[in-house]
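Engineer: With the hints as constraints, model all of the structure from the sequences given.
As you go down the protein sequences, you meet chains S and U in turn. Numbering-wise (the working numbering), the first sequence opens with residue 1 and increments by one. Numbering-wise (the working numbering), the second sequence opens with residue 1 and increments by one.
To be clear, the hints were calculated from the coordinates, so they are not data collected in a lab.
Okay, the calculated bits of chain U under chain S, using three or more residues with CB under 8 Å as the criterion:
1) 29–41
2) 59–70
3) 74–86
All of these numbers come straight from a predicted model, not from anything done at the bench. Every residue, glycine too, gets a C-beta built ideally from N, C-alpha and C.
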Amino acid sequence: MNFRPAQRELAPPGALGAPPAELTHEDLDRAADRLRVKRARAAKRLRPLWLLWLFVGPGVLVFLGENDAPSMLSYATTGARYGIGFFLPIIVVPFAMAFVIQEMTMRLGAVTHRGHAELIFDRFGKFWGGFAMADLVLGNFLTLATEFVGVRAGASYFGIRPAIAVGFALLVVFAAMLTGRYWTWERLALGLAAFNLLFIPVALLAHPPWHAVGRALFTWSPLPHGRALDILVLIMSDLGATVTPWMVFFQQSAVVDKGEQPRDITIGRVDTMMGMGLAAVCGLAAALAATPLFLHGMSAAAFERGEFAQALRPWIGNVGATLFALGLIEAGLLAAITISASSAYAFGEVLGVGHSLNWPVRKAAPFYLVLMGSAALAAGLVLIPHVPLVAIALVVNVLATLEMPPVLVFLLMLVNDRELMGDQVNDSGANFAAIAVVVILVLCGLAYAGAMLTS
Amino acid sequence: MMPEEKNEPQKKAAPEPLGATPKGREELELRPELAAELLEPDQVVAAKRVRFGRRPLKPWERALLWALRVYVVAMQIIVVLAVIRALRGT
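Structural biologist: Rendered as structure tokens:
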């Protein structure tokens, strides 16, 4: 076997240079995936397209998964409260920040073949690993709950009762994971992710003044008016709608489960960039779709529970409102699938039990139990009467932004670790960009704290 | 040299040779050595059981991680305060 420098001291006697041990079910499935890649690389025709089809996955899923129900509601709230102006570039710029982070994550997974939680525990020990996991568990659980809130809100437009909507969402999450094959799970999730694009026709139906959209994107104006705290919360919320801890844990584990290798890094970047582009357009579309509420002087406060679809109907019609509600349901469903997978991967890696979607359920019970359990608990929370769902939804994105700096510092330390990464360590440009993201997030957090304490 | 070969246009990049490529998952199961060739040695589950060793933290790294830990806890308290305020307001 081939051991990296960081593994050599811990390798069992005789393991260095030993022939490969018996292959598991997981290995064979992954080898079958690599076989497809080998065939695509040998193809004489349409090779780039075939490779793109095979590698599109973790990057697109992580970005469209992060365009989740609270994120889309946050973008819609932005459009409804402040219209076309300063907040449009505020929605787009964090996607560029997220790309810097997710590219490092993808590279780390392709080179080390290890998940993020596993690497933090291995390299920095249980103490720091425990903190990272505690942040992840708290953030993921609250975010998962808000996904079901989003599904509930979207389904309410069609008159579907909350218990039925949430139960259906839970069934979709379970059905996706029971495929016992990463490839199938990924394709199902990608099929669902395509519905995120529904926000684009909704934005078109809202007929936004495109010249104003272009001007706002380039000039960051007109500036918003109102309480500093409200504006900061919305900025934090839009940032948290794009840059969150679960994305780092999820994409790295998915890259590992997909079997990506260092030679796949370039196409992994294309996958990540595609995800970023699609998610930025859909996020912008959600904000633009809600701008009629601002232009007609409607108070956005009434729509924070997700009644945007009903409120927008007079301006975007039945079709637009229906698409908006469907988009909200999709956003919640996809994120529920990816976030519960992120929790399960992290637990499996830390506990050292099977943690691959290539395992059948009966052979990786703890992994699937965490996956199903986290989704079921979050779904259950949403159905408890009098639980402050609005407060949870408001807080989730802000909390994600606040918890991000330590995650990024661990990521930077790992991706600069030559014993793990070899020649694929970060260059100075990537380090500068990542440090800039950490500084921006910390400054936003401090500004939020200051505004909160003085208001 | 055959005339057909002479007239063949020059290709920009030669595709990767397939070699002894198995037909699918079933053949990989029968011939695991072919499956092992498709994976990197440290990509195999058995290799992953060997954990990476600890990386000693430099003093400034330890200080940075503690500072960020304090930051996160302080911010979480502020978020809880925000939630309480929001709930009182509704």
